[in-house]
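**Q** With chain A fixed as given, assemble chain B onto it according to the hints.
There are 2 protein chains.
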Amino acid sequence: MVHAKITHVKGLQFVGEASSNHAIVMDGDPPAGGHNSGLTPMELLLVGIGGCSGMDIISILRKKKQDVTGFEINVNGRKAEDYPKKFDDISLEFVIKGRNISEEAVKRAVDLSMTKYCSVKAAMEGSAKISFIYRIVQG
Amino acid sequence: MVHAKITHVKGLQFVGEASSNHAIVMDGDPPAGGHNSGLTPMELLLVGIGGCSGMDIISILRKKKQDVTGFEINVNGRKAEDYPKKFDDISLEFVIKGRNISEEAVKRAVDLSMTKYCSVKAAMEGSAKISFIYRIVQG
Chain A
43 MVHAKITHVK
53 GLQFVGEASS
63 NHAIVMDGDP
73 PAGGHNSGLT
83 PMELLLVGIG
93 GCSGMDIISI
103 LRKKKQDVTG
113 FEINVNGRKA
123 EDYPKKFDDI
133 SLEFVIKGRN
143 ISEEAVKRAV
153 DLSMTKYCSV
163 KAAMEGSAKI
173 SFIYRIVQG
Chain B
43 MVHAKITHVK
53 GLQFVGEASS
63 NHAIVMDGDP
73 PAGGHNSGLT
83 PMELLLVGIG
93 GCSGMDIISI
103 LRKKKQDVTG
113 FEINVNGRKA
123 EDYPKKFDDI
133 SLEFVIKGRN
143 ISEEAVKRAV
153 DLSMTKYCSV
163 KAAMEGSAKI
173 SFIYRIVQG
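Residue numbers (the working numbering), protein chains in the order written: chain A, 43 to 181; chain B, 43 to 181.
For reference, chain A alone in the conformation it holds in the complex (with noise of 0.2 Å):
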């Protein structure tokens, strides 16, 4: 069982904890009355299901012994027109750079993620188009 316990600190500021013992604050955008001061619930989301995948994929290239010096997740949500205005259009993109990096591990990386491990997009493939690419940077 995993836990949070999120707090109201004032405005549409929360404070948000986990099982880890780790917090983050979250605030509203101010369209929605908030003051920025954290990051949003949806962009809690789109942070995880990068993290999520990412984890996964960095993992299995170290198995595969591949030389990975830089890994980055560029994420976007499109966010539906009417309420509940959930994400109904999710992109990930993929980008690793390192030395003579496998093309074929790569692949086989992110459609493990994408497929099998990531336990983020399994929470929100239900709800939106899910898709992805990769990019390989070599040096």
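The set of hints was computed from the structure by calculation and includes no laboratory data.
Computed from a predicted model, the values in this text were never measured in an experiment.
Please note: incorrect hints may appear among the correct ones.
Straight-line C-alpha distance at most 20 Å; calculated DMTMM-like pairs for lysine to aspartate or glutamate [claimed, not checked]: (1) K47(A) - D124(B); (2) K47(B) - D71(A); (3) K52(A) - D109(B); (4) K171(B) - D71(A); (5) K105(A) - D71(B); (6) K158(B) - D153(A); (7) K105(B) - D109(A); (8) K52(B) - E167(A); (9) K158(B) - E123(A); (10) K47(B) - E123(A); (11) K158(A) - D109(B); (12) K52(A) - E114(B); (13) K52(B) - D109(A); (14) K158(A) - D124(B); (15) K127(A) - E167(B); (16) K127(B) - D153(A); (17) K47(A) - D131(B); (18) K47(A) - E135(B).
**A** Below, chain B without anything else, positioned relative to chain A:
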């Protein structure tokens, strides 16, 4: 469009930043090979659903002129045993403290968030059973 960029730092540690320009550290827990230096991506889902519904509810209670002096949300997520080990059951407890709080107002605010407004709940309700209760503490 909401954007997030997630950058690998070391081990399973990533920094995620989003459109609001706020950033957080994520890490895996030790059984997954991480060093627990930040929230896990799965924890972000629970913090996010609590923050999202919390912002809805506090906004609605203010419009209803309720004198809320404290507000906490407890979220528990049960992970499935098989990959992708997504949450299959999420429960939320809303604890509203205040003076002369109307139960009718709280019930309505919670129901509106859970059935209409909360975009993070909408993102996950296809993949997990989500339940909620509220508790009012007068004083």
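**Q** A separate judgement is required for each hint: does it hold in the structure or not?
**A** Hint check:
The hinted pair formed by K47(A) and D124(B) fails the criterion: a straight-line CA distance of about 26 Å is larger than 20 Å. Only pairs whose Cα atoms come within 20 Å are accepted, and K47(B) paired with D71(A) is accepted, the gap being roughly 18 Å. In summary, the hint linking K52(A) to D109(B) is supported, as the alpha carbons are separated by about 13 Å, within the 20 Å threshold. For a cut-off of 20 Å, the pair hint linking K171(B) to D71(A) is broken: about 29 Å separates their Cα positions.
Pair hint K105(A) plus D71(B) holds up; C-alpha atoms about 18 Å apart against a cutoff of 20 Å. The hinted pair formed by K158(B) and D153(A) fails the criterion: a straight-line CA distance of about 34 Å is larger than 20 Å. As the CA atoms of K105(B) and D109(A) are separated by approximately 56 Å, the hinted pair breaks the 20 Å bound. With a C-alpha separation of about 28 Å, the suggested pair K52(B) and E167(A) falls outside the 20 Å cut-off, and the hint is violated.
Taking the CA atoms of K158(B) and E123(A), the gap is near 13 Å; set against the 20 Å cutoff, the hint holds. With a CA separation close to 23 Å, the supplied pair K47(B) and E123(A) exceeds the 20 Å bound. About 47 Å separates the Cα atoms of K158(A) and D109(B), which puts this hinted pair outside 20 Å; it is violated. Distance restraint check for K52(A) and E114(B): the Cα-Cα separation of roughly 12 Å lies within the 20 Å cut-off, and the hinted pair is therefore satisfied.
Distance hint between K52(B) and D109(A) is fulfilled; the C-alpha atoms sit about 13 Å from each other, no more than 20 Å. Restraint check for K158(A) and D124(B): the C-alpha separation of about 10 Å stays at or below 20 Å, so the hint holds. A C-alpha spacing of about 14 Å is found between K127(A) and E167(B), which places the hinted pair at or below 20 Å, so the restraint holds. Distance hint between K127(B) and D153(A) is fulfilled; the C-alpha atoms sit about 17 Å from each other, no more than 20 Å.
Between K47(A) and D131(B) the alpha-carbon distance is near 16 Å, which keeps this suggested pair within the 20 Å criterion. Taking the CA atoms of K47(A) and E135(B), the gap is near 10 Å; set against the 20 Å cutoff, the hint holds.
Hints 1, 4, 6, 7, 8, 10 and 11, counting from the list given before, are not met by this structure.
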